[in-house]
Structure formats: C-alpha cells, structure tokens
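*Asks:* What follows is the residue order along each chain.
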Amino acid sequence: MNVLAAEGEVAFEATTNGLWFVEHAWIVVLVPLVSAALTLAFGKRTPGKGAVYGIVGVGAAFLFSLGVLWHFVEGGGPFEGSIDWFTIGPLHLELGILVDGLTGVMVVVVTAVSLCVHVYSLGYMHGDERFTWFYVVLSLFTAAMLTVVVSNNLIQLLVGWEVMGICSYLLIGHWWEVKENSNAAIKAFITTRVGDIPFMFGIIALIAVTGFTTTNIGEVSHELGLGEVSPLFVSVAALLLFGGTVGKSAQFPLHVWLPDAMAGPTPVSALIHAATMVAAGVYLIGRLFEVFLLADEWVLTIVSIVAAITALGAALLAIVQDDIKRVLAYSTLSQLAYMVAGLSLGELGLTAGFFHLFTHAFFKALLFLCAGSVIHAVHSNNMSDMGGLRRSMPVTFWTMLIGSLALAGIFPLAGFWSKDELLVVAHEEHVDWLFIVFLATAAITAFYTMRMVMLTFFGEYKGQAHPHESPSTMTGPLIALAAATVGVGLLGAPQLNAVFGKWVFFEEIHEAVFVPWIALLSTAGALLGLAAGYVLYRERKAQDPLQAPLGPAWNLLQHRYYIDDFYMRWIVYPVRDTWSTAVNWFNQVVIDGVVNGAAALTRAFAQVIAWFDRTAIDGAVNGAGEVAGRTGNVLKYLQSGNVQWYAVGLFVGVIALAVVFIRVV
Amino acid sequence: MDVDYHALLPEFILAGTLLLVLVVDVFLPERAKWFAMPLGLAGVVASLVAVATLIGAGTRVSFGGTYVVDEFALLFKGFFLVTAVVVLSVSLRYFREGGFYQGEYYFLLLTSFLGCVMMPSSRDLLLLFIALELVSAPGFLMAAFRKGDVKSNEAGVKFFIIGVLSTAVMLFGMSLIYGVTGGETKLAEIATALADIPDDLQTLTYAAILFVVVGFAFKVSAFPFQFWAPDTYEGSPVPVAAFLAVASSVAGFAGLLQLMFVAFAGQHEFWVPIFAALSVATMTVGNFVALQQTQIVRLLAYSGIAQSGYILMTFALVTDDAASNRSAFAAGVAYILIYGVMNLGAFAATVAVSRRHPALRIADFAGLRETAPVIAVGMAVFMISLAGVPPTGGFWGKLLIFQAAIERGGSLGPALAVVMLVNSVVSVFYYLAVPRQMFLREAADRSRMRVPALVTAVVAVATIVIVAIFVLPNPVARLAEISTLVGLGP
Amino acid sequence: MLAVIGGLSAIAVVTSTNVVHAALYLVVTLLSVGGVYLLLGAEFVAWVQILIYVGAIVILFLFGLMLTKAPIGRDTLDNQQRWLGALVGVGVFAGLVFLIQDAFPVQDAQAFAAARGTTDVVGEAIFRNYVLPFEAVSFLLLAALIGAIVLARKDDTT
Amino acid sequence: MIRLPLVLMFSALLFSAGVYGVLARRNAVMVLMAIELMLNAVNVNLVAFAASLQQMSGQVFALFVIAVAAAEVGIGLAIVILLFRTRESINVDEVNLLKW
Amino acid sequence: MTWENSAITITTLLPVAGAIVIALMPKDKERAIRGLGIVVSGVAFALAVAIAVGFDYGTDGLQYELDLNWIGAIGVRYHVGIDGISLPLYVLTFLLSFLCAIYTWRFVPDPGRTRAFLALMLLLETGMAGTFIAFDLILFFVFWEMVLVPMYFLIAIWGSANREYASIKFFLYTLFGSIFMLLGFLAMYFQGPDPHTFDMVALRDFGAGGGFSQTFQLIVFGGVALGFAVKVPMWPFHTWLPDAHTEAPTIGSVLLAGIMLKMGTYGFVRIAIPFLPYGAEKYAPWIGALAAIAIVYAALACLAQKDLKRLIAFSSVGHMGFVMLGIATLTEIGIQAAIFGMVAHGVITGMLFFCVGSIYDRYHTREIAKIGGGMLQTMPKLGSVFAFVAIASLGLPGLAGFWGEIMALLSSFNPNEVFLGDQVGLFRLFMVMGGIGTVLTAGYFLWMLQRVNMGTLPDHWREAGLRDVLAVEWVSWAPLLALILVLGLYPRLVFGITDEAVSGLMTLLGS
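Chains as they are written, first to last, in the numbering used here: chain A, 1 to 665; chain B, 1001 to 1490; chain C, 2001 to 2158; chain D, 3001 to 3100; chain E, 4001 to 4511.
I should point out that these hints are in silico values taken from the structure, not numbers from a laboratory. Using N, Cα and C, we set each Cβ at its ideal position, and we do this for glycine too. Accuracy of the hints is not assured; some may be wrong.
[Said to hold, decoys possible] Quick list of the computed label-pair ranges, beta carbon to beta carbon: (1) Glu4004(E) to Glu129(A): 51 to 59 Å; (2) Leu401(A) to Arg4492(E): 35 to 43 Å; (3) Leu2067(C) to Val1003(B): 55 to 63 Å; (4) His430(A) to Trp4286(E): 49 to 57 Å; (5) Asn596(A) to Pro4111(E): 24 to 32 Å; (6) Tyr561(A) to Trp4286(E): 37 to 45 Å; (7) Pro4195(E) to Glu2124(C): 51 to 59 Å; (8) Leu1472(B) to Leu2145(C): 57 to 65 Å; (9) Ile1464(B) to Val4049(E): 56 to 64 Å.
[As the list claims (entries may be wrong)] For lysine-lysine, the following DSSO-like pairs were computed, each having C-alpha atoms within a straight-line distance of at most 27 Å: (10) Lys179(A) to Lys4381(E); (11) Lys4370(E) to Lys44(A); (12) Lys4306(E) to Lys4381(E); (13) Lys1033(B) to Lys1151(B); (14) Lys179(A) to Lys4306(E); (15) Lys541(A) to Lys462(A); (16) Lys4370(E) to Lys4381(E); (17) Lys4370(E) to Lys4306(E); (18) Lys179(A) to Lys4370(E).
Kindly produce the complete structure, drawing on both the sequences and the hints.
*Replies:* If you want it as structure tokens, here you go:
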C-alpha cells in the first residue's frame, strides 16, 4: 500500500468492477451519518423507534463496502481523492479519502460488525428508555469509525478519532442513572484522551515536517521519505503517535479504561470495545507505518515491549474475572496487544497484525454478543450467577463455543490462522522473546476461554432468573458472525493463497508462509490451555480452584496489579481534589487576595488620609470644642482656631522648603 | 482714558441688575420677594447676550491694559453667566421655601458673579485682588445664610477666616511682587520685568510668587487649603454650595491661569514642581477622603477637590515649549468647562433631593430611579462623567489632560498622568456609590418626589449637554484651544 | 522709633490676655503704621489709615468683643498650640528677614526721599487708572454692608 | 533718613505677629485683629515700595487694601455675631456638627 | 452618504437609537418593549449580515470605511472600517445580542425593569460592536470604555446575591487596566508619525515598519497589553471574571463571555502586535507562559468549583488561554486560530451560560451539589443541549471548540521563526501544558455533566415541576447550536474571512 503512488487520482491500470465504489468511498461514511441524523430527527416518531434508519443505513454501507473490497479482490490499487476544506495561513486542509486494501478490509469489518450489532440491539435494547438515542450514537459511531478508516489526512482522522471517543463515552454511560456507568464513561474518555494528547502532538509534528502546508498522510510520508528530517524527530513523532494507540487500543499503561467500559450495553462492547474502535489504534500504526519504519529502531522495540506486557498481563487478568464481559475485555486487551506486537515486527508483521485484527473483530464481536445474549437471559454479568446454560440457550452456546475456540486458536477457525501467522512472522524476524510471549499468551487465552465456557454453560445454573434463548433478532447476528468466524480465517490461510495478504501489505506483497511445527506448537499450547480449563472448571466449587495455589498472586490479579488503584490514589484524586482545591485556594486567597488587598489598601490609605485630615484639622477643632464645652464658655470660642494653625503651618513649611530649594539649587 | 464701553457692557448690565434687584426688593411685599430671581435672571441673560455680541470682536483693551476682553475672558464670562443662570434657577424654590432673605441673597449672588465676570479680564494685580474679593466676600455671607443653622454659621466662620487669611498672604505676596518688579501691577509688564530681574531679587520673587499662589490655592481648594470646602459646602445652602463649587473655584482658576501663564510664565521652572506636588496631593487627598463620605455634599466637595487637583496638573505641565503649553492650557480650560457642567448638574440634582431629605446623606438617594427618574438618570450621568468614563463628557476632559501630560513628556508628564490615572480609578468607587443607591436600593418612601420644574430642567439640560459633549467634543476642545493665554507672557 | 513702638504693640496685640487691651494695643500699632506712612510721604494713605482703622475698624472690633462677651485670660483666649504658633511666627519672621536681607541688604540701602502722596495726587491716580477697581470696591462695600446687616439682624422668622 | 529694608522688616514683624495671632488665638475677633495686622504689613510694604520707587500706584493699592479690609471686618463681625447668637440657643452637645 | 461608507455606522449605532426609544416608552407596555428590543437587535443583526454578504473576502484592506474629522483639536477622527479580523466578531456581536433579546422575551431577571434592562443591553451592543470597527485609537478606547457602564448596571441591578462586589470589581479592574492602555495610546500618538495621529492604520504602518524605538515599544507594549490582558482576562488578572460571571444575569454572562472578553484579544491582534512588533516579540514568551499557565490553572480551578456558573466562568479563563497562546506565537496560523477561538468561545460559552441560566431558572440554585444530578431524567432536552455544548467546549473535533485549540497548539509547535526562533523549546513546553489542559478540561466538563446531568433525580426535585426547554429558549439557542456544529464541520466560515486579513498583517510585520 504505497501511498506515494497515490499522488494521482487513480494509481493502477486496470479498471475494476469495484472502482466506482472506491472512488465514492465517502458515501460509506455519509450513509451512517445520515442515518444518525434521521434517527435523531425522526426516530421517536418512526414505528420501531427509529432503529430502521440505522439498520438500513449501515446495511447499505455494508453492501457498499463489499463493493469497495471487491475492487481489491479484483486486484485494484489504492485511490485518493479530496476536496478543499479550508485554508489557514500556509496550511491547507482537505476532506479526502484514501482507499487502499487496508481501508477496504476495515470498512468491511466495521460495517459488518456494526450491522450485526444494529440488528442484535433490536432485541437486546428492546424496551430501553433511550432506545432511539442508542441507535443515533451507534450510527454516529459507525460513521466516525469509517471516517478514520477512509481519511487521507491527519486532521480528518483526528476528528473521526475523537468523535469515536465521545460516542464511546456516550454509550458506556448509556445507563447513566447508575454512578458506576458514568464513572466508567468518564474514565474511558479521559484515559483515551491522555493518549490522544501525545497523538495530537505527533500529528502536529508530522504537519510541521511539511512546513505547515498540508496534513495529507501521503505528502507527510513523502516528506519524511526524503530523509531531511532528523531520525530523532521522526522517532519522537512516532512515539507520540503511538500514544494514540496506547490510549485508544487500551495498551499498557492506559489499558485501565477498557474493562470498566464494559459498563455499557453489551452490543456496544461488541462493536466499539472489541471489534472496531479499539482496533483503530492498531489501524493508526498501520496507516502511518512509514513513520514508524523511518524512526529509530528503539521505537518499535518500545512498541513491542508495551504490547508484550499488555498481551501477557491482560491474559493473566482474564483468568480471575467473574464478570463474563470483563473476561472478554481483558481478552480483547490481550489480543489487541497481539496485533500491536505484530505490527512492531515490521512489514511482514503488518499483514499478520491486520489479519489478526480482521479475524479478531469477528470472533470477539461474536463472543461479546453471545455474552450479551447470556446476560440478557440471566440478568447478570457474573459467571457465578450462570452455569448450565447450554441446554436453555443452545444457539448461544454453540455460537459462543465457535467463538471461543476461534479465540483459543483452534484449527480451522479464524483465530488459528491469524495467530499462527503472527508466530511465523515473529519467528522469521527472529524476535524470539516475542515468539515465546505469543505462545504463552495463546495458551493462557485458551485456558481462560475454556474457564469462561465452562462456568457459563456447564455445571448447574446458579442464578435466580429463568434463562431462555434470545429472540431471533439476537441469534441471527450470532449465527452470521459465527459463520464469518469460521470463514474469514481461510482468507489468510497460506494453503488457500492467503488472499488477505494481497489486500493488506506495506510497499510490496509478501507471500504468507506456513510453518508446520509452529502451527503444531501453537495448537498444542491452545489444547493444553483448553484441557487445563476443562479439568479445573469441570466441577463448580465455591472457591475458584486457582485461588489457593496462586496465593498472593491471586490478590495481585484481583486488584489488577493495583494499577487502577495507583492511578486513582496518585493521579486522579490528587488532581481532582487536592490540586484543584489548592489552586482554587491560591486563586481565592492569593491572587484575589492581592486584588482585594489592593482595594483594602486603598481604603486603608483613604482612612489614613482621612484620619490625618480629621485629626490634624477637625480633631483639633473638636478637641477645642470639647474643652470649651466643659468650661461652659462655648460660645466665645472660635472652634476653627486650629484650622488656621494647620493651614499657616503647612504653608510656612512650604515656604521654608521653597527657600531651601531655591538656595540649594 | 481708554475705555471700551462695549467691552464692559456685560459688567455694566450685571451691576445695574444687582442694584435694581436691591432697590426693587425694598418695595416688594414678603410674598413676592421671589420676584428678585426672575429679575436677576433677566439681567444675567441680558449680560450673556452682551457677551455674545463681543464674540469675534477681537481683543479689546481698556484702562491702560489692566482690563482685557479677549477670547479667554469671553469664554469664562460666558461660563460664569451660564452658571449664574443655573444657580439662580435652582435657588428659586430652595430660598422661597426656606424662609431666607431672598432679595439680599440674589443681590449677594449677583455681586459675587460680578466678581467672577471681572476676574478673567483682570490683567492687573489690583484688579485681580479686587475681583477675587468681590467673589469671596458675598460668598462668606451666603455661606452663613442659613441663619438659624449652626452648621451654616460655622461654615461661614471657617470659610471666612481661611479666606481672609489667604487673602492676607496673597496680598503680602503681591506687595513683594510690586516691589521687586519696580512698581508694576499689570500682569504683562510684571512678566517683562521678571524676565530680567537681578539675581539678588530672585529669591524674594520666588517667595512672592508662592505667597500669591497660596491665595488662589485657597480659592480652588487645593491641598493643603482644601479643608474648608467640605465643611462650608455642607453648611451652606445647597445652591450656594453649587456656586462655591463651580463659580467661585473656577474664578480662582481663571485668576490663576492668568497669573501663571501671563505674569509668572517665565518662572515656570520654579513653580512647576510646586504645582506638581500640589496637584498630586490635592487629587489624592480629595479622592481618598471622598471614599469615606456618607453625605452627598461632602462627597461632591471632596470630588471637587480631586477635580481641582486634575486641573492643577495642567499647570505642572508647563515647559519652554509653547505648543505643549498650549495643549496643557487648553486641556485645563476644557476640563474646567466640562467640570462646571457636571458639577452644576450634580448640585442641581442634590437640590432636588434636599427637599425631601435635608440631611442629604448618600443613602437618601436610595430608590431615586423610582421617586425621581429624571434626576436619577441625570445624577448617574454626572457621576459617571465625573469619574471620566464614556459615554460622558468627563471622559474627554480627562483624556485631554492625559494627552497634555504625555505630550509634555519628560519624566514628570507621564508620572503625573499615572498618578491621575490611579486616582481616576479610585474615584470610580465613590462616584458609583451614588448610582448604586439610586438604582440598586429601594427608597423608604416610594412616592413620587416633587421636583421643581426648573431644577428638573437644569438636570435634564446638563445631562444632555454632558452626553452631547461626549458625542461632539469638538466645540469644547476648539473653545479651549482658541482661548489660550499662552504666549501673552514673555 | 515708630517702627519699634509699632512692632512691640503688634506683639502685644496678639499676646495680650485682655481683649480690650489687645484692641487698644491694636490702636497703637495702627497709629504707628500711620506714622510710618507719613514718614514715607504717603500723607493721604496715612490719614485714611488713621480715620478708617483707628476710627472705624477698631470701634467695630470693640463692638464685636462686647457683643460676644469675650472672656479674659490666657487659657481661654489662646489655644494649646500657642508655643508652636510662636515658633511658626518666629520662623516666618526669620524667613522674611532673611529674604529681605537677601534682596535688599540693609548695609547697601540708601536713604531716599519719598514722593509726596497728597490727597489730590492720589485721587488723580485713582481716577485715572483705577476707576474700575474703585467701582468694584464700592460694590464690595455695598455687599458687605447689606450682607452684614442681614446676617447680624436679629429676626425670629428663621 | 529712612531705609527701605528697615521698613520692610517692620512689615515682616507685623506680618509675623499676625501669623502668631492667627495661630494662637481662639477667639474669632482676636483672630480677625491678627489678620488686620497682616494686612497692615502688606500696606506698609506697598507704601514703602511706592516711596522708594517714587510711584503712586503702591499707595493706591494700599488704599484699596484698607477699604477691602474694612469690608472684611464688617462681614467677619457679622458672621461672628451670628454664630454667637445661634449658639446661644443651641445645645452644647451639638457644637461641632461639621465633622467627619 | 452611501451604503458603502455608512453601513457600519448605521448598524453600530442603531442599538443606541433603539435604547433611547425603549427608554422613552411607557413602563407598562411590557410586551411592546420586549418586542422592540427584539426588532431593533434583529434589524441590526440583519444589517450586520448584509455587511458580511457585501464583504469582499479576497482582500486584506479595510472595507465600508468611513473617515471623518471628529475632534480636530486633538486629532481624533471618526474612522471606522471593517476587515477580515473584525468581521467575524462584529457579526457575532449582533447575533448574540439578538439572541439575548429574544431570550429576554421570556426571561427578565429580577427585579424586572425590562425597559432599563433592554436599553442597557442595546447600549452594550453598540459599545462592543464599535470596538471592533474603530480605526482610531481614541474612538476605540471610547467604545471600549462605553461597555463598562451598561455592564456594570447589568450586573449590579440584575445580578445575584453578591452582585455589588462583583460589579464594582469588574468595573474598577477593567478601568484600571484600560487607563494604562490609554496612556500607551497617547504615548504612541506623540511618538508616532508626524503629524501626530491616532489613526490606527497610519500607526500600524508606522509601527510595523519599526517606527517606534525599542525601549519605547517595551514600555508601551506593557501598558497597552495590561489593558488588554485584564479584559481577556489573562492569568493572573482574571479574578474579576468568575465573580462577574457568577453574579451577572444570564444575558450579562452571555455577552460578557461571548463578546466582551474578545475585545481584549482583539486588541492584541489589532493594536498591540502590529503597532509594537518589537514589544510583541519580547513579550510573546511571557504572554505564552501566562496563557499556558491559565489553561492548566483554570482547568484545575474548575475542578474545585461548586457553583455551576463559576465553573463555566473559570473555563473561560482556560479557553482564552488558548486564544492567547495562539496570539503569542505570532504566526499566521496562531493568530487565525485565536480569532477562530474567539468566535467559537463566544458561541459555545455564550450557549453554556444560556444553559446555566435556564438551569438556574428551573432549580433556583446553581450549586452542583444541590442540583444533585438526574437532569437528563426530568429535562432530557435541556440536559442534552447542555451536554452537547459542554462537549463542544471541551474541544471535541467536529465541533466549534476544536479548531481554535488544535491550531493554537499547532502554531505553538513552531512559533514565528523571525521573532521567536530562539524560543521554540519554550513554546513546545507551552504546547504540552496546553495538551495537559485539554485533558483536564475534558475531566472537569465530564465530571460536571456527571454530577448535573446523570444519576437519578433527587426526590425533592420531583415535585418541583421542572420544565424542559421552552419555545423561546429553542428559538434563541438554535442558531448557536447550529453554529457550534457548522463551525466545527466547516471552519472555513471563519478562516475564510480571516485568512486574507491575517496574512496581510503578517506581511506587514515582515514574516
């Protein structure tokens, strides 16, 4: 996906059937946006409370994006087009689209998952007080995500990026009556914003490279490619950009918001916090890959270290969760880290990483939706309230099983192919430690996945509700996604020509390689994990079987390594309560004190002068008056006697001074 | 004898009027005594017409150069006569209802105004002295005119003693000037004589100038001769306070301008620092003490002191540069004119309130917007104008002085400007106290206040004039500019 | 000689403990001032001085003193700042003497023969150059007269 | 026969005595007298200068000063008497109304 | 007189005429008074729009210029005109005033007295609008000061509990600053070109060409900047603002935040920088520093506020910090960002104050703790509007608040190379502080929304009969809400106007 080639309108020779779609890819953004607007405007008055706009819109967008992808299936090249947006001084901004294979894949992922979620929510959100509003934000989010994906320039990307953030905030806090939900929403927004700030600076740095003339990604890359910018500058810029990824894709140390974000409705978790928005961070690295490659090596090393920590750390956390959504959330963290780590491996890793993004989107969305279905049935998030649901919810069970096995990386499901490819790349690039991390994480993943399935679907039901299978609006998407989960992995299968690599690549297409021993190794690891999970959780116990053996480590995991506590204790509370109070105190007492002090001083000065006047003039007068009053001879005295003394005294003083002045000068 | 009778016409008419008032008063029955006022008013207006006929007639010199009618003189004569109209207008009800000796009051008032009118033409020490006395002496009497009121009597005594004392000091200075200049009393010739005065007389000359300045400093209530003003204003009948605050002190300035810019212009190096100190001290004392006031007349008195300080500042801006002196002079004159309008307005408003609240505390203005809306709006405009804030004429007055100060340059000009600026800000505080009462507080008695039509008219006209000056300040600025005395000295 | 008498009695005026005595000392002072005028050749002024001051003003003062029942005695007559006042008085005197000595040194002073200011000479001067002040002063006196009457008049109406 | 500086010093003495009187006296009439002394000092100056300069105008000036002084005394006494009279009928506590 | 040279004079002075007419109307014709207020400000707004329509966007020169002798004696002229820097603020002034007049149709704060209220508001309108079109220093100053009195009364009469303290503080503080500004103006007059002039065009050309000596510039810039800084208000001269805002009636707050604060920043762009480029160069790092401090400081202070209105007032300090940061960079982008920031802040914060006013109207308290949350439950529309505007205010891309902030940060990455080439590191530090500020800003706004909008409605409000957004409110808010969105999506609306003028300015400064 050499964007340099995209200088012209169309950078390929042959016309394809999908060309029209590519050239008009902006429509794919616009349609959900219009849906959102329509829903907002007419939703409440429309039968079905307006969900129809979103479903139709996103459905249309999905079909459209298939058209876009078709272009690349046919072997088409990238396309870039833009219109003027505005000019500010030397800086010229445009609204544009940059459609290459990566974009094609992303639009399909986004619209597909979004469509599923839109449909699914019909059932899940049925009867919700703010059903219409939910659809508005859902559609708006879809539009924002698509904006990010098709954007050809940094500022437009940033706009979409932040709008996604606010949609995420709105949806996490959808049930804002409960304080925890709104807390989670704020936490999500602020934490990602912390990452966004360096991201923004990174963007600014990139724009600065062009001499503040353009924000076009292609031109920025071009400028960088000229090699006139110091590597250090590029490295710092890359690192700053990575901040955006860390925030949005919830990498360590900004990962804390994602588990909390599970407070939102489950479809939201599926769409935003599993399949799409969180993947935007990964997408970002891919889109600006040039910058990362031109940066010094240590940048990518940092990226891979961060990713490795996240992958392993989050996977471990997933083991101890009781909340089914949190299991999935930590799993998502871990899998996102997989992708990031993959990208940190270079050009080969790019394709692998994105392939994992692609597959993960489907099976993780599936898992979430299944979890939602379960939650919908038992009215609880906690697996301790579940159990034995495989009988009452067969569709959910089977689809979830497919998703779980895909997550665990079992052949031939989606996860197997993508994880395998990542392992291969790590091996080929000779980053052995990462290879081991991947492997270990895969095993742990399989373990907690199995634990989740066991606790949910096997054993005896522990809850109070009467679980039942979800309506077809919910199971339909489950089935669709399950089918996809089975299918999409094959797109990257080396045995099947690994077509995915033909769509998403950097600079040049690399043939995917299949290394049997690696595939075996990974499958073995996964099976080991699954087996362990099955053995340990086959029978329900009051206490988690791991709690005793893990000892203090269990506590550490329960407290999420104390990272959240650390943030609250040392950053949030100090800033929100202590510092702000201090500043306010400083403001009221010191700064305003100076102001009021000046006023008081003026008044005091006035009093001094007035006192002087009073004492020196009228005070004496009054004194005289009193004396006179006491002697009973009031009437005979002139109370003003001292006034003259004062006057003459002063003026004599002036004369004396003048005389001195005259003589001396 | 070179007497230009046309030039003296305003004075003659005024003198005739006041004699007529005196005579007619004798024959008027008690209930018709107030008739003296319209009579006086007619005379003043006639005199004003006479002044008008002199406009553009060039400089007219009488009595061997001791009495000059030029633009400067005409401007001030006109100003005084207009002031007279206003003071007469606001006096009518006040004196009619207060049980005063009306005829005599109008007679004294007109006499005082005669002095005022003479002042700007007097280019001779003797004439200046006489004119000053003519302004002051009836003033002493009028200040004590509330005969039954101890306050008023005390006011009279204080005013009188300080007045006479300062006159004595001034005269002593004049006598020395007479001596050192070799027997000159005409201002222009004093200037010539002082230009090449022998060195050994220098010191005595400076002392003499100082003595003379003292006499006028009293008149304009400059620090440290300011303290009589609040007491006297408070004690006097309110219209008399208006007269003292405007006519009397402006007369002092008229005299001072002539002395300093004509007779002693050559010695500016000596007196500029004195005026600088005087002005800084005056405005500071005035403003800061005003912050403490609770009585409106005292407030206006201290405000007047502060304003005097601003005007005195223009004296401190004199240098060798004629152009900058001209700016300073024009700024001073313009400020005086605007100052007169707003102060008259403020006093007129005070007169209106005094009928219901004779104590005239600031708190008595509470709810005035309801009880007397025209007065309230007018008073607010005057206060804002005194504070020098747009959209009022007072803004230009201050601006002109700032401008002159900056134009003067050096370190003194800007330094004085800064002092004045700080003072202006301080002054806002107490000026706003009055509108605050009027608009933010409720009156205890919320019935409509009965305000004499003449007083309302005066307030309304003054308000309009103040706003009009803001919109079109050019006439004032032009007037001030052409009426310069700069250059008449050596 | 006259000056010495005048000076001493002037001091007496302001220090005397008896108001009537003070007034009488004032007469002496005024008379000696008149004498000085005569010596200086200002005959007309001297006579006016004696007529108006001694004849009229001092009488007025005496009336005033009687009407206000002025008391007698240092403490009631003088205020507490007496000594400061004295200091200032002496200071002013010293300053003036210094100034005068500076300007007109006594040792250099020439005795001079004064121009005679007889009634007709002065009168002519007044009416030639000082008509206007003369008229003005007449108004002043008139105003003073009327005003004084109004103020001093006892009335029950106010 | 007569020397200008000496006369001037006499005048200065009168003036200073007047100043002292103004400062030290509490009785209004006495203060007025002191002021008269000061005015006389002025006149002595004027006449002396007129004499030494062989001029008339100083004497004329002096005449005017005398006339004005007379007027002042009249006014002053009238006010003092007025004050005296109103005070008599007014409570002692109300003395000095004119204060801050 | 043609439309070309009289248009802005008529438009600017129309409200004064309206004020006079309103003041003379009988007191009991309440509806007529309010109606006339709307009509007058509406016509003025229409005229302003007409001016904007007739404006030639392709040039940086003055348009609709009128230059008459006013006070010949002291060289003061009535010189008005409009260029790309003025136009957005000028139109905004009339828009906000118009909306305020509409709002007044339903909401006249205690103690009533609609007549005086509207008259003062119209006077205020003229003062504010005049400031943006004056091209004579004294005329500028006159308009500048003219704003004080009506605003003083608006706060002092129609304000809340502590109004007198707040109003006098506002008055004195701004007056204090502005007199130093006036001194600076006078100094420029006398040091300026020969013959002396107050004409801003002449002085700009003179000053930009290096006409003033360096020492002079350093001194005078200080004075002039002080006057502007107080108005902006820049940290640490800001303390009058929270008080004034908190106490002012809704309309007062809207106009204060919406327009008056911009007079200060406008002054920097229009006068301080072009007239005294050397002074600007030397002061810019300091201004930038104060701006950066203001951003972080205000955000922290906001977190501590318990009063809703005070919180928003403090947020203004932070937002104006971004504007000042943009100006301090002395770059074309920075200054354009500043102007955009001014407009955006005017729209957004004005709208926020409308919201707070309506919230107060419902709850009769502004204390966040007393409101207690759950506003979205009872008043979903008001809550949504409030949330929307708050989110716009925290700088969400796609809404108006974003462009000013991002462009200011962008420009501080590389401040003007000619003037501030050696200060790059410092300005990048400011940029980082600004970035931290945006996080904190998001923090306090979201926290505020959580405490006001979200959660469940406390029981004692259930019976209070809280009414959702009224028709009048919709009418007066809709344009602002639309503008927030439109400016966010189509920033050319402002940048397109300012571009020529600002680049003309930069050319003049030689960079």
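*Asks:* Taking 55 to 63 Å as the hint, is the beta-carbon distance of Leu2067(C) and Val1003(B) inside that range?
*Replies:* With Cβ atoms ~44 Å apart, the hint is violated.
*Asks:* What's the verdict on Lys4370(E) and Lys4306(E), does the C-alpha distance respect the 27 Å limit or exceed it?
*Replies:* holds, 9 Å
*Asks:* Just to be sure I understand the hint, the distance between the Cβ atoms of Asn596(A) and Pro4111(E) should be within 24 to 32 Å; is that true here?
*Replies:* Since the Cβ atoms of Asn596(A) and Pro4111(E) sit about 27 Å apart, the hinted range of 24 to 32 Å holds.
*Asks:* Starting from Lys179(A), check that the Cα of Lys4370(E) is at most 27 Å away, please.
*Replies:* holds, 17 Å
*Asks:* Confirm or reject the claim that Leu401(A) and Arg4492(E) have a C-beta distance inside 35 to 43 Å.
*Replies:* For Arg4492(E) against Leu401(A), whose Cβ atoms are near 54 Å apart, the range 35 to 43 Å is violated.
*Asks:* Given the proposed pairing of Lys179(A) with Lys4381(E), does the C-alpha separation stay at or below 27 Å?
*Replies:* Cα-Cα ~21 Å, so holds.
*Asks:* Is Lys541(A) within 27 Å of Lys462(A), Cα to Cα?
*Replies:* Cα-Cα ~12 Å, so holds.
*Asks:* Regarding Leu1472(B) and Leu2145(C), is the given constraint of 57 to 65 Å on their beta-carbon distance met?
*Replies:* violated, 46 Å
*Asks:* Can the restraint linking Lys4306(E) and Lys4381(E) be considered satisfied, given a maximum Cα separation of 27 Å?
*Replies:* The hint holds at about 23 Å.
*Asks:* Starting from the hint 37 to 45 Å, judge whether the C-beta atoms of Tyr561(A) and Trp4286(E) obey it.
*Replies:* holds, 44 Å
*Asks:* Next pair to validate is Lys1033(B) with Lys1151(B); report whether the Cα-Cα distance is within 27 Å.
*Replies:* Holds, because 25 Å separates the two Cα atoms, which is no more than 27 Å.
*Asks:* With 56 to 64 Å as the target window, see if Ile1464(B) and Val4049(E) comply at their CB atoms.
*Replies:* The hint (56 to 64 Å, Cβ to Cβ) is violated, given that Ile1464(B) and Val4049(E) are roughly 34 Å apart.
In the structure shown, a violation is registered for the earlier hints numbered 2, 3, 8, 9 and 11, in ascending order.
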